[in-house]
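Generate the whole structure from the sequences, applying the supplied hints.
If you read the protein sequences in the order shown, they are chains A, B, C and D.
Mapping the first sequence onto our numbering, position 90 (from 1) lands on 90, and the numbers just tick up by one.
Mapping the second sequence onto our numbering, position 276 (from 1) lands on 276, and the numbers just tick up by one.
Mapping the third sequence onto our numbering, position 63 (from 1) lands on 63, and the numbers just tick up by one.
Mapping the fourth sequence onto our numbering, position 85 (from 1) lands on 85, and the numbers just tick up by one.
If you're looking for bench data, these hints aren't it; they were derived computationally from the structure.
Accuracy of the hints is not assured; some may be wrong.
Stated by the list, open to error - Simulated pairs of lysine to aspartate or glutamate, EDC-like, Cα-Cα distance not exceeding 16 Å: (1) A/130 - A/119; (2) B/274 - A/243; (3) A/108 - A/119; (4) B/274 - A/261; (5) B/213 - B/46; (6) B/133 - B/183; (7) A/27 - A/4; (8) A/108 - C/29; (9) A/61 - A/9.
Bear in mind the structure is a predicted one, so any value in this text is a computation, not a measurement.
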Amino acid sequence: MNADAPVLECRDVSRTFMIGKGPFVQKKPLRAVQDVSLSIERGEVLAVVGESGCGKTTLAKMLLGLLPPSGGEIFFEGVPLSSVDRNAVSRRIQPVFQDPYSSLNPRKTLASIISLPLDVHKIGTPEERKRRVEEIMELVGLPRRLLYSYPSQLSGGQRQRVAIARALAIKPEILVCDEPTSALDVSVQAQILNLLQELREELNLTYVFISHNLAVVEHMSSRVAVMYLGRLIEFGTAAQVFDDPKHPYTSALLDSVLTPEPQYGLPEITTMGREFPNPLNPPPGCAFHPRCPKAMDVCSQAQPQPADENGRLLECHLYGEETAAA
Amino acid sequence: MTNDTANIPYSDESILAVRGMNVDIRVPAGTLHAVTNSAFHVDRGETLCIVGESGCGKSITSLAVMGLLPGNATVTADVLKFEGRDLLSMSQKQLSALRGNRMGMIFQDPMTSLNPVYTIGNQMQEIYVRHGKGNAAQAKDRAIYLLEKVGITAAESRLGQYPHQLSGGLRQRVMIAMMLMNDPVLIIADEPTTALDVTIQAQILHLLADLQKEFNMALILITHDLGVVARIADRVAVMYAGYMVETGSSDEVFNAPMHPYTQGLIDCIPIPGKTERGALLGSIPGIVPALVGDQEGCMFRNRCDFAQEVCGTGIIERKALGEQRGYRCVIGPEQAQANLQASRAQAAVAAGE
Amino acid sequence: MAPQDQAASQTANGFTAEEFEVEAPSPREVMRRRAKRHFGLIIGGSVVSITIVCAVFAPLIAPFDPFEQDLTRRLINPVWGEGGTWAHPLGTDGFGRDLLSRLIFGARISLTIGFFAASIAAVVGSIIGMIGGYFGGRVDAVVMYLINCKLALPPILVALSVVSVFGGTIPVLIAVLAALFWDRYAVVTRSVTQQIRNQDFIAAAQAAGCSKSRIILSEVLPNLTNQIIVIASLEMAVAILVEAVLSFFGLGVQPPTPSWGLMVSEGRDFMFFKPYLITIPGLAIFILVIAINMMGDGVRDITAPEGRN
Amino acid sequence: MAQFLLQRLTISLLVAVTVSIIGFSLLRLSGDLAAELAGEDATAEEIAQVAKSYGLDRPFHIQYLDWVGKALQGDLGRSLFTNEPVLELITTRLPVTVQLATYSLILALLVALPLGVLAAMKQNTWIDRLALSIAVFGQAIPSFWFALLMILFFGVILRWLPISGTDTWRHFIMPTITLSTFAMPQFMRLTRTGMLDVLESDFIRTARAKGLSPMIVLWKHALRNAVLPVVSLAAVAFGFLIGGSFIVESIFAVNGVGFLALESIIRQDFPVVQSIVVFISFVYIVLTLLSDLINAQLDPRIRLN
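Given below as structure tokens:
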């Protein structure tokens, strides 16, 4: 393994699903993720944002090795993920899911939920595993007394702590957090976000943080990848993206964040009024053009190519060679 | 129970006035006090937001007003008046003549709130004809007019479509248009944008605000999202564990919150440009208490940084600060503001480290 | 590491012990509490337990040999009828055999056939259903096709035909009934597995490196056991009924074995003047089947997530 | 919709072929057919001759195709017992079975639908408990025993009803009641749970928030969604009723297909048995196809996707 390589890297990763049931229905391709290239450096928090249906959860599944890409390749420390043993991947990359109700098996005790990864990889003796479970429970703020409780006895926030404990049990390096707080109440969301921040510093973790909540993303992330209809349309540091959004979609997303500041009132979002397009039948050219306030003729004709704009990646006809040439 | 909400003034013009409302629900384990001593009112052209976390009783409050609670719930109130008429003394028949007619309600999940086996047109016409506003043809014209109003293109062809053929955002627009069919004076929207994407959320809220102005309605918006509340509300009521712990105008509540719960809740939310990136957020420890059984003292005391011995006994009186401004806590207003400044300063220091 | 640990957990939550108190009872505790208040479960369970005891200890309990004919003691009325005697509390049949003893031994047939048929069907049906539900796609299409074929065949007619060919021995009856009743397990386990399959805890198990068989056995199956038990009890009742039907038509258990269905059939010749010969064994089937049904409904109620009681 | 139809048709065809193969093998399971045809004291030579003349010496699949070919032309073979054409045997006895099954289905639905709806609306009251008790009762009672008890009570003790035959409508009362107790509990339970689910759904809350009268909420908005699964079951149940009618037919001496099936099984008259089994399976397959179509008609989510 190459120590200098990014800990995770996607090169032109695509994933297409064929939609349609039965032998007589013509299947349509759903391009959930298209040509996504991004890298994740050790110790950073990479956020992936976008509306529902933009492909962020599919990307997460591919990063976890649960879903093979249908095009391109994911590299883990410079080695193709497809060549790495499934078990080796699972020891180093672990997930935290959105819904703490569906992510814990209702028929199992916390002890057996948290120790599942240890059991699968046969790490340590049963006593050592139990000790590890207790240790990790304390780390995420769960009292030892709950060891033999069931998920149904816990609140949403407590369950999410269990999910985090399970992910951390085998000491992974990367956590892929897919909307880890969107099912939680605001006060509990803050508890979990703080816990994630502290664990990252303490255990030197790398996060892939997927969310639709831009306020949370801005708070948590060091770099941000914005996705729209399967494509990566803007990718840069949090400062670049949030302080000076370039892509019209990123601006629109930032405009629609509602913070508890009564002086601002409701944002005017005019062209975004169009509905999110059907992913089975995406618009031609740039998929965002029907909703884009700055759409030009070229936008409906040609797919913009990714361009480097002062160290950030942008996929928009407003930037890159075309405009540079004009 | 002594009632300290009876003296909060409201005008005779108020569309909806509620004072001292309790909702108790019989559950196997006992009685669940879902709403206790609740008081609010809303006038024409005014937006009241009821905000709180899950299980705080905000949805129960709205269902109680609509008369849509299940049979195991009991509503009592000193005042529960809609357009000056007492709702509690009305029969189910009289109530259902008001519902969908003078008051409309919009629900959280547009995917399941429309009947899947009937067309949009059928469901929109039905509410019009049922309340005797006209015949089917007139209902159709009105439906087309309203669908256009809520920003739906090709309105006439939409009437023949079924709910599953529309996206979530469109369905919520249909729902809004449907509830406007009979020119209601009050719209209650229960988490109308929670199930939608952020960009769609902003549009729907805009639409609601615009329509409210145009039709001069009263709007009660129920949500857990403080961002939504801050941007759309005229007045705010913060609920916790069945109690309205703080009320006031949007500016008052967000700029000078008094109740430790409100203060904590606002500090939980990262604000781009204000909250330092990567710093720890303010947080409220612990979880919401169970509401089954007898209650005493402040329901928030177990999670409160400023809890004292007096918080555990008796009824916590509402402190009135103005005509509509008030909060339910033993801490006085000066001390409350001082506490807020101190905890924010402390957070700033922690972030600076 | 240790001091850091402590600091972290303090700032992370700052919880006092009291806030993490688990007030909710564990699922098992909830089940136990509901079971204690569930009238149907208690009654049904008691009747089934008594029947099991009768079946197991039949030779000790039964006053007479169920096969012993005594033509001098034919058609004695039950104790409440004319000429009834405590020697034969339920009377005797056309061959002078003690009805009570035959009833007690007959419980063995009903329970054995019902239990084994339902259990074998449960194993086969659940495996088929879980495989279809978990793997989906073509595998599921095959499973659905199998279920459809099974549903299209008229069950009791096929059972009658097969039994008439192979003869009414107990192993044949069990095999035939199991082959006829696996489909309901398959339908239910398939649809529940489909739901479970999309839950995040399955994805978490995959991400932890679990193999497919481990996921099915240790993540999916525990969520199905309650449903399988409920169906099994209902199917056991159905199997007992079908066995009675087969025996009634002379195609099930062969005489002189004491099967309840066969006893009704034998009593049919005398039913107009000795109605007890059909009412008593029929009632035995009816009560046992009702009790098993009540027990099954009870298990469903006490294990239902929200609790219907 | 056309795709949906095509898909269902293909599955039905596949199932039909499989079922016919199973039905055909039933005949072969019964032992050496040639020996049986040739008579009890036939020599091996005679048996071989019979086998040859009936084509029984050919490979299994050829025999099957031959059988299918003939069946498609209406030739289902002859009864081993009476030597009558099987098709004729079935068609002359079918009407009375269909009549009985139809009456029973109607009776079961008439009792189960209102009871199920009522039980769901009055959940956990005495009506609900009564409905559930009736369902448990119907599920648990052995139908042959129930039939005998009715004969004993209404036919012999009270002498209200004739105990056998099909001459008048009064002859159908007891058979219909017996047969419908078999189907009723399923309808009742399905209506009840369907109704309970629907009554808790968001769109019912919407309908109430629109101020619609309880009757419209129930009849227009709830019932149509709740009966969708009942429609499927009704088709399936009709097939089951025809297949299960032999118990009732044999006890009440109703000379229908079920009785014929039972007689033939007992006489080991397998050409007849096999034809009836395959016939009833086909009825079932056609009915499920029909119920899918009705469901698609009632539910736009199926029709328009």
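Are the Cα atoms of residue 130 of chain A and residue 119 of chain A separated by 16 Å or less? 10 Å, holds
Does the alpha-carbon distance linking residue 133 of chain B and residue 183 of chain B stay inside the 16 Å limit? 10 Å, holds
Need the status of pair residue 108 of chain A, residue 29 of chain C: alpha-carbon distance at most 16 Å? 14 Å, holds
Against the 16 Å threshold, does the CA-CA distance of residue 274 of chain B and residue 261 of chain A hold or violate the hint? 11 Å, holds
Given hint residue 46 of chain B paired with residue 213 of chain B - CA-CA distance at most 16 Å: This hinted pair holds, its Cα atoms lying about 9 Å apart.
Check whether the Cα positions of residue 27 of chain A and residue 4 of chain A lie no farther apart than 16 Å. 43 Å, violated
Does residue 108 of chain A pair with residue 119 of chain A here, judged by a C-alpha cut-off of 16 Å? Since the Cα atoms of residue 108 of chain A and residue 119 of chain A sit roughly 14 Å apart, the hinted pair holds (cutoff 16 Å).
Holds or violated: residue 61 of chain A and residue 9 of chain A, Cα atoms, limit 16 Å. The given pair, whose Cα atoms are some 14 Å apart, holds under the 16 Å limit.
Are residue 274 of chain B and residue 243 of chain A close enough, with their CA atoms no more than 16 Å apart? 12 Å, holds
The structure does not agree with numbered hint 7 stated previously, though it agrees with all others.
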